[in-house]
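Asks: Take a look at the letters that make up each chain.
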Amino acid sequence: MTTALQLKDVAKSFGNTQIIRDVDLDIAHGELHAMIGPNGAGKSTLFNLISGKYHVSGGTISFYDSEITNKEPYEISRMGLGRSFQVTNIFPRMSVYENLRCGVLWSTGHRYSFWHLVNRQRDVNERTEEVLEMIGLTGRRDVPAGMLSYSDQRALEIGITIAGDPKMIMLDEPTAGMSHSETEQAVALIRKVSKGKTLVMVEHDMGVVFDLADKISVLVYGEIIASDAPQNIRNNAAVQEAYLGTEQH
Amino acid sequence: MNGMTKNSPIWIAAAVLFAILPFIFQSGFALNILSQMGVFIIFALAYNMLLGQGGMLSFGHAIYFGLAGYFTAHFITLMGEEALPYFPISLIPLFGGLAGLICGIVVGYVSTRRAGTTFAMISLGFGELVTASTLILIAFFNGEEGIQTDRWVGPEPFGINYGSDIQVYYLIAIWCLLCMIAMFFLTKTPFGRMSNAVRDNAERVQFIGYNTQRVRWLAFALSSFFAGAAGSLHVMNYEHVGFETVSVAQSGLVLFMAYIGGVGHFIGPVLGAILITILNSTLSDLTEAWFLYLGLIFVVIVLFSPGGLAGIVMMHEPIWKTSPRLLASLVVPYIYGIATTLVALCGLIGMIEMLYYRSTTFSADTSTSIYGVTVDTASVVPWLVFIVVTGVGVYLCRMSYPGMAHSWNAVINDIKQRMVS
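Sequence lines, in order, name chains A and B. The working numbering puts the first sequence at residues 217 to 465. The working numbering puts the second sequence at residues -1 to 419.
No lab work stands behind these hints, which were simulated from the structure alone. For every residue, glycine included, the Cβ atom is placed at its ideal position computed from N, Cα and C. It is possible that some hints are incorrect.
[To be verified] So the derived label-pair ranges between C-beta atoms look like this:
1) B:Trp9 with A:His332: 18 to 24 Å
2) A:Asp339 with B:Lys319: 57 to 63 Å
3) A:Ser365 with B:Lys319: 49 to 55 Å
4) B:Ala403 with A:Glu349: 53 to 59 Å
5) A:His332 with B:Ile164: 43 to 49 Å
6) B:Lys319 with A:Gln447: 57 to 63 Å
7) A:Glu349 with B:Gly152: 27 to 33 Å
8) B:Val329 with A:Arg327: 35 to 41 Å
[As the list claims (entries may be wrong)] Heads up, incomplete: computed chain B residues facing chain A, CB under 7 Å, no partners named:
9) Thr116
10) Ala118
11) Met119
12) Tyr167
13) Thr187
14) Phe189
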């Protein structure tokens, strides 16, 4: 079994505050992995360490057997790791189509080209249309992204993430702030886009987590206290005490 | 439909216009203004590759314009002395562009590492540095005098020797058109789109595979290329290059052109360059307070129409597309609005002119000419007249502006209704 992502003794401090403490984590290729934990546990920080937004204070991160520790976000992205953001992070002045196309361009090898017309590139157009269709925004193709509804913006956020056809997708709270029916649609979308890929997501909605994930890691105070299949997590005493237990009070 | 071919009628129209303009405006003065316009259209569009397309506010972009000018002047002079092999004079903007490009690559490597305020500060620093150098490195810049050169060098294919201003005009016009097309093309390339993406959300760009610094650097270098091309044409036009071409004042002027014209639309800087070149050449002869008026125009645009002139025009595009008749319904309120504004401006300008005259002239003669009428600035009468005119104008504006707003809202509501039904 191929290991998609491997973290060894990863630590992160901001000043004297240790946010992530010696985290070890293995995620297999094709796994749908959810990361849960109370607010402030360090889930988003861990995402930012893996995707290169922050540099680690210690430890190593490797992605499909290549070390990516402290590489720049664009280098990690080019290796096939796509991530989304907790707070919608799109190009609000551009149309939906242009947003997705930005996500496609590097992966189709157009890089910094200033000698090609972008709308003449068949590979770019085909892939952009495909992603547009996949996230269900074909009807909103030419709408400026900033004018979309919240849930459509969240779908676009995922669309930009997957546009470059990454091997691994990291989604940071993809259903945050959504209504029940919107969440259902989002789950269906996540299932669709993660087919054949590795998925890591941070999620607060336990329904979504237990519905989607093959494996769940529980992060508390910067440490992973359990990483196991959903049914084992449910029955794990330490998890119940540290995390699920607190919700029942 | 493709973006470039769709626009080819516009380019052809522009080419025809450029070709016939000298026949319409035949005086030497007009031809000179037209040539200047061509140079500044290139420069303002190049500047907008940074500001409008890439979101980089530069206070020192004239250094690529000016330095390329100096290099071009030396180059032409050395060619004339046969110290350098001959390079076709008609292709001189390529040489200027290359000079600009090299300067842009070097400076851009440092300045584009940061965006926003830091970038703006670094650009200002380099602008001051080069301006100061003109007085220090005399061998290259020749201080305040600048450098003269003679553009009439080398062979004369088909009689093209740039001995006359009309030949220089056509040289500038052709290169202006080529540069406009090239810069428009650039906005449609992967680089152009990513430049916009970096402007709008640099953080996200990093996570879709792009090095934001590299995108900014490339934009900076290409922009410097076109600024350099404009600089070399400037030298061809005047056969002279002076320290003012690299100065922060020149950088400010191109910023004004781009912004007043409108940074959000490709055509914006073109409009700005045309307008400000005309005003610069005509108003500066009429009034010493010209820079004050330019500043006021800039402030008014920043406050009330951040989209610039192009923004105002494009605001009406959906109305025109829905129904030209709707647009026609705005004409009368607009005429009222503009007329009342002119009345107020008339009074205000009168007062400014008198103030300016009194604060800058030290002769015993207190009378000056305003609107072709001789007025005595020491007398109270003209002051009263201008105060009253301003007051009346402001009062009339307060009557006409709500009418404009009302008509505008009515039209917009009408369009919304049509969209729903």
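Asks: Could you run down the list of hints and mark each one as holding or not?
Replies: Evaluation of the provided hints:
Checked against the hint of 18 to 24 Å, the pair Trp9 of chain B and His332 of chain A passes, with Cβ atoms roughly 19 Å apart. Checked against the given bound of 57 to 63 Å, the beta carbons of Asp339 of chain A and Lys319 of chain B, roughly 33 Å apart, lie outside it. Our hint of 49 to 55 Å for Ser365 of chain A and Lys319 of chain B is violated, since their Cβ atoms are close to 26 Å apart. Checked against the hint of 53 to 59 Å, the pair Ala403 of chain B and Glu349 of chain A fails, with Cβ atoms roughly 43 Å apart.
Distance hint check for His332 of chain A and Ile164 of chain B: the Cβ-Cβ separation is about 38 Å, which falls outside the suggested range of 43 to 49 Å. For Lys319 of chain B paired with Gln447 of chain A, a C-beta distance near 60 Å keeps the hint of 57 to 63 Å intact. Checked against the hint of 27 to 33 Å, the C-beta distance between Glu349 of chain A and Gly152 of chain B comes to roughly 60 Å, which is inconsistent with it. Taken as a hint, the range 35 to 41 Å is violated for the pair Val329 of chain B and Arg327 of chain A, whose Cβ atoms sit roughly 49 Å apart.
About 19 Å separates the beta-carbon of Thr116 of chain B from the nearest beta-carbon of chain A, more than 7 Å, and the hint is not met. Here the hint on Ala118 of chain B is broken, as its CB sits about 21 Å from the closest CB of chain A, past 7 Å. Because the closest C-beta pair between Met119 of chain B and chain A is about 24 Å apart, greater than 7 Å, the hint is violated. For Tyr167 of chain B, the suggested interface contact is broken, since its CB lies about 30 Å from the closest CB of chain A, more than 7 Å.
The closest approach between the C-beta of Thr187 of chain B and any C-beta of chain A is roughly 5 Å, which is under the 7 Å cut-off, so the hint is satisfied. Satisfaction of the interface hint for Phe189 of chain B is found here, the shortest Cβ-Cβ separation to chain A being roughly 4 Å, below the 7 Å cut-off.
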